[in-house]
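Going down the list, the sequences are from chains G and B.
Numbers given in our numbering equal positions in the first sequence, counted from 1, plus 51.
Numbers given in our numbering equal positions in the second sequence, counted from 1, plus 11.
There could be a bad hint or two in this list.
Stated by the list, open to error - Cut-off 25 Å, straight-line C-alpha distance, at most; resulting in silico cross-link-like pairs (SDA-like, lysine to any residue):
{"no.": "1", "chain 1": "G", "residue 1": "Lys133", "chain 2": "G", "residue 2": "Leu167"}
{"no.": "2", "chain 1": "B", "residue 1": "Lys125", "chain 2": "G", "residue 2": "Gln83"}
{"no.": "3", "chain 1": "B", "residue 1": "Lys56", "chain 2": "G", "residue 2": "Pro198"}
{"no.": "4", "chain 1": "G", "residue 1": "Lys133", "chain 2": "G", "residue 2": "Gln83"}
{"no.": "5", "chain 1": "B", "residue 1": "Lys56", "chain 2": "G", "residue 2": "Asp179"}
As the list claims (entries may be wrong) - Computed footprint of chain B on chain G; a stretch qualifies when at least three of its residues, placed anywhere within it, have a C-beta under 8 Å from a C-beta of chain B:
{"no.": "6", "stretch": "77-91"}
{"no.": "7", "stretch": "104-113"}
{"no.": "8", "stretch": "154-161"}
{"no.": "9", "stretch": "192-198"}
Everything labelled a hint here was simulated from the structure, so no lab data went into it.
For every residue, glycine included, the Cβ atom is placed at its ideal position computed from N, Cα and C.
Residue-level listing of the chains:
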Amino acid sequence: MMRWLLWILAGVLLGGIVHLATILALPRTASQDAYARLAPITPVNAMTPIPAPTPANALLPFMDPAFAVAVCRYDLSAGAMKFTAPVSQAYTSVTFYTRYGVAYYAINDRAAGRRLIELDLMTTAQRDDLPDDENVTAADRLIIESPTLTGLIVVRALSPEPGLMPMAQASLTGARCRTQ
Amino acid sequence: MRLLLGSLFTFMVAAAVGLGSTWFALTRGAAFGTLQIGAWTARPKTGTADIDPYARAAIARAGALPVGLGDGVAFLARTDDQGHPLDGRCDTLISGTTPPARYFTLTLYEPDGKLAANSLDRQGFTSHELIRNQDGSFEITVAPRTRAGNWLPTGGVERYILVMRFYDTAVGIATRAGREAPLPSIKSGGACQ
């Protein structure tokens, strides 16, 4: 009897390890994460408008239907990227996600403080490789460091009422992401 | 022989405990750093690089993209203030005020994150669209049938989730209590279809 209790105890302890291992491994093994869902319709290093979610058809779950959305699926292996987006009339935000869906940086039009949101995206290694004199002028340009080589830039423009959706979508057509 | 039987048994227990608790944590939601205000819950850290491993796993599994913290914060409600699950066949009243934010949106989803179909093709409100009282407060009736004022149709779904997203707001990781972030109350108990 005592022996079986020990076996059970060992099983529960091992189960705890299994639990932690599966939780930690899940983001890397999930086959239907946001990146995988967006990959078929988004070319690499280009802005692509995402169709608005409808009850019958939504590319991602829990999308905010009040927003027009465009996505840049980036790959920094060819070098740093430059991202620009014009500000829409109501509210515009830019969120950077890693390959595994971690939102590591987000900025809105007010924080950007200009009529154009302008950002440089690079890995830590690419930033270290910047020539020193360029780093000095970097004071007035916003540099974002990506923790992963690939990921997503998501631009969202609010349409405060349904009739303004075409305007929000039009403002996103001016968004660009390209390798420098 | 006994050793083999014993270790086999141990592995079975380990698999059941480990995978069972993982499944449980992902479907029921293990909560770290949860901000609870009335029936509304938010996890502001989910929109940062400091996201906890449970939220990471849940997001990867669902395929969703969380709202980044520099963008805004999302509050989710599955129940009314009394803890009863939200029922799309009944009338539910959302009333009160909201914390300061440049814009907010309220959206109704089915539990899996799909928008609920309805004849009006309305899935939510933005702060801009709401009809308000003189003091700035508002009432929204979430109901399967037409209602006066701010009517959010449910399409008659059995269960639904409400998500309030606040954009360009001070509400975030430092927010602790409902006094800093007043959220509207959710009262069911109205007529059912």
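Outcome of the hint check:
no. : hint                : in the structure
1   : Lys133/G - Leu167/G : holds (13 Å)
2   : Lys125/B - Gln83/G  : holds (15 Å)
3   : Lys56/B - Pro198/G  : holds (17 Å)
4   : Lys133/G - Gln83/G  : violated (28 Å)
5   : Lys56/B - Asp179/G  : violated (28 Å)
6   : 77-91               : holds (count 8)
7   : 104-113             : holds (count 8)
8   : 154-161             : holds (count 7)
9   : 192-198             : violated (count 1)
The structure shown violates the earlier hints numbered 4, 5 and 9.
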